[in-house]
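Take these sequences, add in the hints, and give me the full structure.
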Amino acid sequence: MNYGATPFFGVGEYAVDSDYTIMGPVFAAFMFQLSFATTATTIVSGTMAERCNFKSYCIFSLLNTIVYCVPARWVWGPGGFLSTMGCIDIAGSGAVHLLGGVSGYIAAWMLGPRLGRYDNGSDPMPLGNPTSCIVGLFILWWGWLAFNSGSTFGVSGVKWKFAARASVTTMIASIGGGLVGSAWTLRRPGKIFQVMDIVNPILGALVAVGLFAEDDQGAGFSKGHSGLFRGGGFYLLGVQALACVCISTWAVVITFIILWVVNKIIPIRMEPYEELLGADFVEHLVRRRYAGISPVLSALGSHSEVQDITRNAAVIGSSNPAHDIILETIDEISGRRRWKKVRAAATALAVLSSQLKSLAKSRSRNNQINNYNNNEHDVSQSSTQQRNHNESPWNYKDYLGEP
Numbered sequence: 049m050n051y052g053a054t055p056f057f058g059v060g061e062y063a064v065d066s067d068y069t070i071m072g073p074v075f076a077a078f079m080f081q082l083s084f085a086t087t088a089t090t091i092v093s094g095t096m097a098e099r100c101n102f103k104s105y106c107i108f109s110l111l112n113t114i115v116y117c118v119p120a121r122w123v124w125g126p127g128g129f130l131s132t133m134g135c136i137d138i139a140g141s142g143a144v145h146l147l148g149g150v151s152g153y154i155a156a157w158m159l160g161p162r163l164g165r166y167d168n169g170s171d172p173m174p175l176g177n178p179t180s181c182i183v184g185l186f187i188l189w190w191g192w193l194a195f196n197s198g199s200t201f202g203v204s205g206v207k208w209k210f211a212a213r214a215s216v217t218t219m220i221a222s223i224g225g226g227l228v229g230s231a232w233t234l235r236r237p238g239k240i241f242q243v244m245d246i247v248n249p250i251l252g253a254l255v256a257v258g259l260f261a262e263d264d265q266g267a268g269f270s271k272g273h274s275g276l277f278r279g280g281g282f283y284l285l286g287v288q289a290l291a292c293v294c295i296s297t298w299a300v301v302i303t304f305i306i307l308w309v310v311n312k313i314i315p316i317r318m319e320p321y322e323e324l325l326g327a328d329f330v331e332h333l334v335r336r337r338y339a340g341i342s343p344v345l346s347a348l349g350s351h352s353e354v355q356d357i358t359r360n361a362a363v364i365g366s367s368n369p370a371h372d373i374i375l376e377t378i379d380e381i382s383g384r385r386r387w388k389k390v391r392a393a394a395t396a397l398a399v400l401s402s403q404l405k406s407l408a409k410s411r412s413r414n415n416q417i418n419n420y421n422n423n424e425h426d427v428s429q430s431s432t433q434q435r436n437h438n439e440s441p442w443n444y445k446d447y448l449g450e451p
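In this text, residue positions in the sequence shown follow this note's numbering: the first is 49, and each later residue adds one.
Using C-beta positions, here's what the derived DEER-type ranges look like:
#1 M133 x E319: 43 to 49 Å
#2 V216 x S83: 17 to 23 Å
#3 L285 x M219: 22 to 28 Å
#4 G286 x G72: 35 to 41 Å
#5 F80 x E319: 35 to 41 Å
#6 V301 x G134: 21 to 27 Å
#7 A77 x A289: 26 to 32 Å
#8 S83 x L111: 15 to 21 Å
#9 A231 x T297: 36 to 42 Å
Hints are computed from structural coordinates only; laboratory data are not their basis. Virtual Cβ for every residue (Gly too), placed ideally from N, Cα, C.
Quick look at the structure:
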């Protein structure tokens, strides 16, 4: 659908059987476009994480290929209406990343936030695994090199020269972004260096490098235009803005329609108890022993009148005892059918929340008594302060040792 006879929708080149003379360009173009299509879908997955029904997402991912192919035709296909007007998209900034970002926004809006996400404000969520974040940065880094250099569509003739130049420019830009981000942390009180202080600037620099593009002088990649800061002119800016509007409008409309239809067949949102247990376990029966359960305790903290099926479970001896209780409870009921197992485990979480609160209050009271015995105040004043302290709200994070 990326190619064909019409300027808006590729028609006429399905199931192409290439011969020996053209199989190289045909297969190479297919693989390159396939990588773009999967990238556009992957962008959306991040906005639907931890609350989207897995089966619904699989259906959406398959249909989302259509969402990508149509704008790709507009921008890259021979005779595409945006391409004819002079629109330039070297490595998928519009047809891939803008499309995926807008589709992800619509998907997140239709799904809604995670349970309890904004109960305590809208501050960004802390990183679940900073190491994985850094690994993801390097994966994107190498992917960007492949996209930028691969957009020359070959290494024959003069193409290899432009591919090499694109690689060097991409690398220098990312290094500059990382250096600026690192220097910016010196302005922060305490000069604390956080992981995202290096990740976001590098990714931002990889995006911004296109503003300084130069005309390729006849190779045909930039269509005779330079970047905005290199003399591209207002016509190019207007065409690029039109492309953004067209791609965004398409993404909003078609993503909403696809998700609305899928939701009528299979609900796109997980059940609350499934979300609390986590998609890893509910959808794939993957248990993570050291996963934090702060969102679970926060969401289930008001539930107390449930059957105690964790009465004999130990709460000490692990770096995350609360989650160990959940796992033991799941093991006890593993002989039942899956949906019963999930519901019973959710009930165990509710009981666990109440038990941990009582235990933490008891420990807090004992610790405070010991502290006050070492104080110079008399016994009566210590008792008064102790009662006032016990009446203050309890934070389960203090017990679990979480930040």
